[in-house]
Amino acid sequence: MTSPTIELLSAEQDHAQPHTLVLDNSADAQTASLEAVTCVKLHFPKFTDGRAYSQAFVLRRRGFQGDIRATGDVLVDQLLQMQRSGFTSAVLRADQDASLAAQLLTQFDGFYQGDTRQRNPHFQAA
Amino acid sequence: MYQYTDFDRQFVKTRAAQYRDQLTRHLNGLLSDDAFRPLRLQNGWYVQRYAPMLRVAVPYGELNSAQLRVLARIAREYDTPTPELLAHAHQTSQSKLKTNLGHFTTRQNVQFNWIPLDKSADVMDLLASVNLHGIQTSGNCIRNITSDERAGIAVDEEVDPRPYAEVMRQWSTLHPEFAFLPRKFKIAITGSREDRAAIEWHDVGLRARKNDRGEVGFQVYVGGGMGRTPTVATEIRAFVPWNEILNYIEAIVRVYNAWGRRDNLYKSRIKILVKAEGQRYFDEVEAEYQRILADGAHHTIPQAELDRIAACFVAPARQACSNSDAEARIGRILKAAAQDDVEFARWIEQNVAAHQNPQLRAVTLSFKRLGHAPGDATADQLDAAAELADKYSAGEARVTHSQNLLLPWVTCDQLPELWRDARRLGLAKPNIGLLTDMIACPGGDYCALANARSLPIAHAITERFQDLDELFDLGEIDLHISGCINSCGHHHSGHIGVLGVDKDGQEWYQVTLGGSDGSDLSGPTRAGKVVGPSFAAAEVVEVVEAVLDLYKTERHAGEAFIDTLQRLGPDPFKTVANQARHVTRQPQAASDQALPV
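In order, the protein sequences belong to chains A and B.
Everything in the first sequence is counted per my numbering, starting at 1 for the first residue and increasing by one.
Everything in the second sequence is counted per my numbering, starting at 1001 for the first residue and increasing by one.
If you are wondering where the hints come from, they were derived from the structure by calculation, not from laboratory data.
Virtual Cβ for every residue (Gly too), placed ideally from N, Cα, C.
Please note that a few of the clues may not be correct.
Residues on chain B that point at chain A, a partial pick, calculated with CB under 8 Å [stated by the list, open to error]:
1) Gln1010
2) Thr1014
3) Leu1039
4) Pro1083
5) Thr1173
6) Glu1177
7) Arg1254
8) Arg1262
9) Ala1297
10) His1299
Keeping only pairs whose Cα atoms sit at most 25 Å apart, straight-line, the calculated DSS-like set for lysine-lysine is [said to hold, decoys possible]:
11) Lys46(A) to Lys1186(B)
12) Lys1013(B) to Lys1119(B)
13) Lys1574(B) to Lys1552(B)
14) Lys1267(B) to Lys1503(B)
15) Lys1503(B) to Lys1529(B)
16) Lys1119(B) to Lys1098(B)
17) Lys1267(B) to Lys46(A)
18) Lys1574(B) to Lys1503(B)
19) Lys1184(B) to Lys46(A)
Could you build the full structure based on these sequences and the hints that come with them?
Now the structure itself:
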């Protein structure tokens, strides 16, 4: 079981950082300049719009070590997917119950495919 | 069949527990309809016209008898509406609705129509007890992977696709990056020369093959799909080495996730992206694939993993029989009764297929019979099918694309006994591949998306074509019926396709001719052509009759319907079809498509 590491922030805690890059959903995460960037904000216009998952994955594959933050329509039930795709912080939608996060992030003992935290899939670990 | 490991079993159980928690929060008002919807959809739970519908995943169609028995139990104990709901449904429906049924789908899954939502978590636990679930049978994610119903037994098979299908099932299960794609994403895989899995109608179609050096790889097609823009998939790569297939599909899906349209529901499938971007999309997939390889190719399949999975698919030991023995026994049965003679011979001809092992046969149990919707099975029939699987097929059955059950491991000397047992159960109708072996979606009787009912049309055609002499004379014909443009009944690929459309609250039916699913009989994959303005329900049987009458008049000796149609072109068939009108005067138009709710 992997420990939860995604940090939950309130809207107030999500203040502007000097080295934050706000990456639009249509931006190419493969070519975006990350020079001096310490935090990348990725947006969920609707929680069912999954482009930011791939963007986060690509940023991590490029070796980006800073914070990747989920903003917008961020629901507690998708935190696990966000964490696995490379997000390290999330600003939950105001109506979400943050106290559920710890339990929802640790339900599964493992997954089949590799992700940004556990690069190798289950069949490589076996 | 694949043998679940402790990890696999625990995974399915954890998924059921996760769903129970989601359902509980939803029923307690702590998880809104909007937030719960994609969670339940990705576990197979739709909300339909009267009740939730559950779609159970049957990976590449394979079921064991224990799983069949659990499906029977779900049909018997859970597929039951409350008396109030049933009374309401009967009041508002134009049809007599049936309960306590399982339904086989074209994508080899099993559906139920009446399970109350508050029982859904119990059903998931029950399914998990035999390693079944509804994972990714709906939603905008990678759906359950389908395959050739004769995988591992087909005489024209080059590579058994099942181990690869299983690897892909595992890889796609709860993929964190691909749970919210622009739209649903369907993969089909075959390893045979003939395409029995309609791979070119899929978002990704895979054909396992060997290259000149005898190495296994995949021919990869992308961008097929039905709906309101029927599109045949394009080959994106002639050969991807087998061990790189997950990496390659990852590239296909990642670029689709980034580039696929999300502004318009009707343009969000990958077929639209492939059509719009063409080579630019292909180039980007190739570039992304190279980046995945350069990054360490984490999902390259090790030989040991393939070997582990492939070992599960070794053919079961069957008691040897000699062909001469079987022939003698078949001969004895054939003499038994004049009526039996013909029926048994016909059953052998239509429902029994050759096998890689010459001592074995693949037998299809027909779930196409008068009084039952195509692909419907009662609880008792599901139990009985489990018995037949145990007695005759090493405990295994397969759901077929054409909504029947196939027994893959039948020894040829058991054919007479199996036929007698199946006939007693009403599952030996010798119509596999014939006109009445039609594909039909549940349609407006159950489905909230449908514009018209499919089942009364299926019933009327089945009723009209009951005569076996006539059916055999007409030969093999694919008749496909969809209740709306979502095309669950694959009307685009039918030699004769029927599509339900709605106009001013009335049911109308558009008829197409000449579609193909890519099988040898049907020819290169293509969508059928519309005959003309929509027909009234009462006209559909007469249209089918008129088209088939022309075929009988014009055919050459031994020529199949689809071949006569191809030779003459659609025009003379359109003419006779339109002459069959007696209700319709004005052109009907318009159909609609909507998202699952």
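Status of each hint after checking the structure:
1. Gln1010: OK, holds: Gln1010(B) within 8 Å of chain A, min 6 Å.
2. Thr1014: holds (5 Å)
3. Leu1039: holds (6 Å)
4. Pro1083: Violated, about 35 Å.
5. Thr1173: holds (5 Å)
6. Glu1177: holds (4 Å)
7. Arg1254: holds (5 Å)
8. Arg1262: holds (6 Å)
9. Ala1297: Violated, about 11 Å.
10. His1299: holds (6 Å)
11. Lys46(A) to Lys1186(B): Holds - the C-alpha atoms of Lys1186(B) and Lys46(A) are around 23 Å apart, at most 25 Å.
12. Lys1013(B) to Lys1119(B): With a Cα-Cα distance of about 16 Å, the restraint between Lys1013(B) and Lys1119(B) holds, given a limit of 25 Å.
13. Lys1574(B) to Lys1552(B): holds (15 Å)
14. Lys1267(B) to Lys1503(B): Within the cut-off at roughly 23 Å; holds.
15. Lys1503(B) to Lys1529(B): Cα-Cα ~21 Å, so holds.
16. Lys1119(B) to Lys1098(B): Distance ~19 Å between Lys1119(B) and Lys1098(B) Cα, so the pair holds.
17. Lys1267(B) to Lys46(A): Holds, because 18 Å separates the two Cα atoms, which is no more than 25 Å.
18. Lys1574(B) to Lys1503(B): holds (22 Å)
19. Lys1184(B) to Lys46(A): Measuring from Cα to Cα gives roughly 17 Å; hence the hint holds.
Checked against the numbered hints above, the structure breaks hints 4 and 9 and satisfies the rest.
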